[in-house]
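Visitor: Chains as they are written, first to last, in the working numbering: chain A, 138 to 593; chain B, 138 to 593.
No lab work stands behind these hints: they were computed from the structure.
Honestly, I wouldn't trust all of these hints.
Rough simulated footprint, nothing fancy, chain A against chain B, three-plus residues with beta-carbon under 8 Å [as the list claims (entries may be wrong)]:
#1 153-165
#2 171-183
#3 237-243
#4 350-357
#5 535-547
Computed beta-carbon distance windows for the label pairs [as the list claims (entries may be wrong)]:
#6 B:G414 <-> A:E173: 54 to 60 Å
#7 B:D376 <-> A:P499: 33 to 39 Å
#8 B:G383 <-> A:E496: 57 to 63 Å
#9 B:S139 <-> A:Q446: 55 to 61 Å
#10 B:S177 <-> A:E448: 45 to 51 Å
#11 A:A213 <-> B:P489: 38 to 44 Å
#12 A:P499 <-> B:A400: 51 to 57 Å
#13 B:E417 <-> A:N546: 44 to 50 Å
Heads up, the beta-carbon is just placed ideally off N, CA and C, and yes, glycines get one too.
There are 2 protein chains.
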Amino acid sequence: MSSWQSYLDEHRERFLAELQEFLRIPSISSLPEHAEDVRSAGEWVAARLRAAGLPTVELLETGGHPVVYAEALAGADLPTILIYGHFDVQPVDPVALWSTPPFEPEIRDGRLYARGASDDKGNMLVPILAIEALLKTEGRLPLNVKLLLEGQEEIGSPQLAPFLAAHRERLACDMVISADNGQWSETEPSLLTTLRGMCALQIDVRGANTDLHSGIYGGTVQNPLHALVQLLASMRGPDGKVLVDGFYDDVRPLTAAYREHIARVPFDEEAYKAQLGVEELFGEAGYTPLERIWARPTLEINGLWGGFQGEGTKTVLPNTAHAKLTCRLVADQSPARVAEAVREHVRRHTPPGVRVTCEVLPGTAQPYRLPEDHPGNVAAAEVLTELYGRAPYYTGSGGSVPVCELFQNVLGVYTVGFGFALDDERFHAPDEFYRLSSFYRGQEGYCRLLHRLARG
Amino acid sequence: MSSWQSYLDEHRERFLAELQEFLRIPSISSLPEHAEDVRSAGEWVAARLRAAGLPTVELLETGGHPVVYAEALAGADLPTILIYGHFDVQPVDPVALWSTPPFEPEIRDGRLYARGASDDKGNMLVPILAIEALLKTEGRLPLNVKLLLEGQEEIGSPQLAPFLAAHRERLACDMVISADNGQWSETEPSLLTTLRGMCALQIDVRGANTDLHSGIYGGTVQNPLHALVQLLASMRGPDGKVLVDGFYDDVRPLTAAYREHIARVPFDEEAYKAQLGVEELFGEAGYTPLERIWARPTLEINGLWGGFQGEGTKTVLPNTAHAKLTCRLVADQSPARVAEAVREHVRRHTPPGVRVTCEVLPGTAQPYRLPEDHPGNVAAAEVLTELYGRAPYYTGSGGSVPVCELFQNVLGVYTVGFGFALDDERFHAPDEFYRLSSFYRGQEGYCRLLHRLARG
Numbered sequence: 138m139s140s141w142q143s144y145l146d147e148h149r150e151r152f153l154a155e156l157q158e159f160l161r162i163p164s165i166s167s168l169p170e171h172a173e174d175v176r177s178a179g180e181w182v183a184a185r186l187r188a189a190g191l192p193t194v195e196l197l198e199t200g201g202h203p204v205v206y207a208e209a210l211a212g213a214d215l216p217t218i219l220i221y222g223h224f225d226v227q228p229v230d231p232v233a234l235w236s237t238p239p240f241e242p243e244i245r246d247g248r249l250y251a252r253g254a255s256d257d258k259g260n261m262l263v264p265i266l267a268i269e270a271l272l273k274t275e276g277r278l279p280l281n282v283k284l285l286l287e288g289q290e291e292i293g294s295p296q297l298a299p300f301l302a303a304h305r306e307r308l309a310c311d312m313v314i315s316a317d318n319g320q321w322s323e324t325e326p327s328l329l330t331t332l333r334g335m336c337a338l339q340i341d342v343r344g345a346n347t348d349l350h351s352g353i354y355g356g357t358v359q360n361p362l363h364a365l366v367q368l369l370a371s372m373r374g375p376d377g378k379v380l381v382d383g384f385y386d387d388v389r390p391l392t393a394a395y396r397e398h399i400a401r402v403p404f405d406e407e408a409y410k411a412q413l414g415v416e417e418l419f420g421e422a423g424y425t426p427l428e429r430i431w432a433r434p435t436l437e438i439n440g441l442w443g444g445f446q447g448e449g450t451k452t453v454l455p456n457t458a459h460a461k462l463t464c465r466l467v468a469d470q471s472p473a474r475v476a477e478a479v480r481e482h483v484r485r486h487t488p489p490g491v492r493v494t495c496e497v498l499p500g501t502a503q504p505y506r507l508p509e510d511h512p513g514n515v516a517a518a519e520v521l522t523e524l525y526g527r528a529p530y531y532t533g534s535g536g537s538v539p540v541c542e543l544f545q546n547v548l549g550v551y552t553v554g555f556g557f558a559l560d561d562e563r564f565h566a567p568d569e570f571y572r573l574s575s576f577y578r579g580q581e582g583y584c585r586l587l588h589r590l591a592r593g
Numbered sequence: 138m139s140s141w142q143s144y145l146d147e148h149r150e151r152f153l154a155e156l157q158e159f160l161r162i163p164s165i166s167s168l169p170e171h172a173e174d175v176r177s178a179g180e181w182v183a184a185r186l187r188a189a190g191l192p193t194v195e196l197l198e199t200g201g202h203p204v205v206y207a208e209a210l211a212g213a214d215l216p217t218i219l220i221y222g223h224f225d226v227q228p229v230d231p232v233a234l235w236s237t238p239p240f241e242p243e244i245r246d247g248r249l250y251a252r253g254a255s256d257d258k259g260n261m262l263v264p265i266l267a268i269e270a271l272l273k274t275e276g277r278l279p280l281n282v283k284l285l286l287e288g289q290e291e292i293g294s295p296q297l298a299p300f301l302a303a304h305r306e307r308l309a310c311d312m313v314i315s316a317d318n319g320q321w322s323e324t325e326p327s328l329l330t331t332l333r334g335m336c337a338l339q340i341d342v343r344g345a346n347t348d349l350h351s352g353i354y355g356g357t358v359q360n361p362l363h364a365l366v367q368l369l370a371s372m373r374g375p376d377g378k379v380l381v382d383g384f385y386d387d388v389r390p391l392t393a394a395y396r397e398h399i400a401r402v403p404f405d406e407e408a409y410k411a412q413l414g415v416e417e418l419f420g421e422a423g424y425t426p427l428e429r430i431w432a433r434p435t436l437e438i439n440g441l442w443g444g445f446q447g448e449g450t451k452t453v454l455p456n457t458a459h460a461k462l463t464c465r466l467v468a469d470q471s472p473a474r475v476a477e478a479v480r481e482h483v484r485r486h487t488p489p490g491v492r493v494t495c496e497v498l499p500g501t502a503q504p505y506r507l508p509e510d511h512p513g514n515v516a517a518a519e520v521l522t523e524l525y526g527r528a529p530y531y532t533g534s535g536g537s538v539p540v541c542e543l544f545q546n547v548l549g550v551y552t553v554g555f556g557f558a559l560d561d562e563r564f565h566a567p568d569e570f571y572r573l574s575s576f577y578r579g580q581e582g583y584c585r586l587l588h589r590l591a592r593g
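Please put together the full structure from these sequences, using the hints given.
Guide: Spelled out as structure tokens, the structure:
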């Protein structure tokens, strides 16, 4: 047994007690009355990092809640990683639905119940404990480690972009390892390698200068609702395939190897349909449901409105109609190029008798795809295979994870997810919990990962 | 000069003074505080009918505002007409926009300004004065005349249907002559011969059992907004032609003679576009704008909604979508048959992955078309030609006139419009007025019409 493993085993009880202490701090970032608690949690983290033996530990101001930055440098010729996590938590409402108070951690059946246990305090403490074990047993880390632990992930990290930009040189690294992450199940590891990007648009259709009586005028002027319906119908085929010219131009084709990776991931279509209450799934022909969510772009109407929405009948021929759209994007689509393709489609397909505008809305996200041969991806896969006795699934997410885009844009590096939450752990909901098995497996995993990454 | 014409000339001043007296009664049917005024107006009308010499005059209760009924029967072998009008008026808000108080009639430049002057007290008094002139100068009327003058037209005649049903035998007639009507211009007469009918429907689309995140689920389930858009787009061609199977089955074809009638009616397309603020008109190929409004059916979305309608972006894949539709119908379409055709279209074109319902809403109206050879139509046209020195335009209305449908359904007779309002007389708006020329011409017109109708 390696000496760091012995160290982890010897200090199990203390580490668990420390996590419980950390969980008692109600660091809810969205509630102003908890601002001091968020700061206290940051100070707790900073103190814990110092106790772990990291030589540089600082609480840095962001304009919002503070960031904890730490580093333990091992040598200029060694790789550098930046470990990311967060010490703020979600609110606890409805508090009446908690079996035990959210900030009084309690262990039941091998699970530690508390707000933030899984998202992200448990996961975030794991690499700190691993670093302590390595420092205490080996005297030094096998590579350069920086940690960036923030206090406002749950409110969308509003100051993180300028903070990263302001500290770009200090945060320079070869990759980010995100501890705000999870695994597929207790027995099946996974690596999140794709995120869809997004662009958002609004279409506004205007007809006559006022709402008109549908009897008196109907048959002589274009109805903006019909014009909008016709325009939107022209954008998608019956299976949801997008018919906007150029929409798929930059989509990286799915390789056979990548499709095999996705095919390995368990997907129970019957359970999925039952969960959503639909009789059949729907989507682009030629792709599996997981391929369609993780690796194919979409165009969806998010909102549609115009005319009369009340009870009964109003014989109005309205003079405006509106729709909001988002496109979910995959590598290597550009949100700006796709938005322009949609705008061009609107220009070319505007029905007669109305004026149509199509504006890009805020909410852009770049699609993200971690290369399969990225050293962090390769190393994480090897370590997960050792830990679980089986290779990880390569998974994606249909939504965006803004920090991945931030790290790529500002620091120019990919983010490798390496965390141990599981999807059933009720983050953001009452009775959030974290498995103690994940807490211990994670510590071993981080010790192995740091050594594996040091080998390049 | 006929003796009735001399009588009309002799009593011009008195008749005008009587109209002004009638207009001073603020008989606003929609405001409860004016209920007694509506009744007073009815009593004024009843007294005026008695003074005119009608042997039977009654104020009848309806459950709402009263009705005035009168009759002067001339002989069982003679035709019977029922003259319709109303003595209630619209509210006067915004009262500050009136040049003179709405219930203090004032004559300026040959126009009598007051609420109700044109709609419908002036028009309604005209046939009473004509009847007086005939009775006083000829001793009897040339045919059987009944009058039904109501006090709640401006609130949709809520008790008129049961009232007509309850008095069906007493109201029996060969046709209704509606004094609540107008002419094309001061120099151009017109006869309203077609009204469009209507049916109304609501379409509701349901997908998953809850709103979904468009990133996490988009690409695997049908979006009800897209399903609705696709369904609605399938109902109309690019020019608005309805693509619902069977929709046009019962439409009476436009005869060449009828199209010539419509073609005679002045229509200034540039002025119409400028009024509506549109750059081009829109509608079914092969028909003129007036044909499309008066003689062709339409299907219009009146309201459309689902998903997010606020500022910015919400990445929701909503689970419901809704639309309200009305179809405007022409002879001989049946609202029930057309509604069923639309429902069948919805059933046959429901996209996969959603459940769709299509329910008929209240608001049905039968289309109406007065036959060109109807004796009332022929007689009115002849009299208008004598009065104006030119033949009337045959016009239509794209909307419904509920009393026409009521008289047809309950009494089984057509309604011939014979009134002298002009469209610019600001009914329902501040500074409503009635032309004195219309007041006098109308009296002559009714004397001529009663004689003409008596000849059969």
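Visitor: Could you run down the list of hints and mark each one as holding or not?
Guide: Now the hints, each set against the structure:
1. Check on the segment 153-165 of chain B: 0 of its residues sit with their Cβ under 8 Å from a Cβ of chain A, so the three-residue criterion for coverage is violated.
2. Only when three residues or more bring their CB closer than 8 Å to a CB of chain A does the claim for the segment 171-183 of chain B stand; here the count is 0, and the claim is violated.
3. Here the segment 237-243 of chain B counts 0 residues with a CB under 8 Å from a CB of chain A, which misses the bar of 3, and the coverage is violated.
4. Counting residues of the segment 350-357 of chain B whose C-beta lies closer than 8 Å to any C-beta of chain A gives 8; at least three are required, and the coverage claim holds.
5. Here's how the segment 535-547 of chain B fares: 3 of its residues keep a CB closer than 8 Å to some CB of chain A, so the rule of at least three is met and the hint holds.
6. For the pair G414 (chain B) and E173 (chain A), the beta carbons lie near 58 Å from each other, so the given range of 54 to 60 Å is met.
7. Between D376 (chain B) and P499 (chain A), the C-beta spacing of about 38 Å keeps the proposed range 33 to 39 Å intact.
8. Take G383 (chain B) and E496 (chain A): their Cβ atoms lie about 41 Å apart, and the range 57 to 63 Å is violated.
9. A beta carbon spacing of about 59 Å between S139 (chain B) and Q446 (chain A) agrees with the range 55 to 61 Å that was offered as a hint.
10. A beta carbon spacing of about 35 Å between S177 (chain B) and E448 (chain A) contradicts the range 45 to 51 Å that was offered as a hint.
11. A hinted range of 38 to 44 Å is violated for the C-beta pair A213 (chain A) and P489 (chain B), which are about 60 Å apart.
12. Roughly 54 Å separates the CB atoms of P499 (chain A) and A400 (chain B), a value that falls within the hinted 51 to 57 Å.
13. Between E417 (chain B) and N546 (chain A) the beta carbons are some 46 Å apart, a value that agrees with the proposed interval 44 to 50 Å.
The structure shown violates the earlier hints numbered 1, 2, 3, 8, 10, 11.
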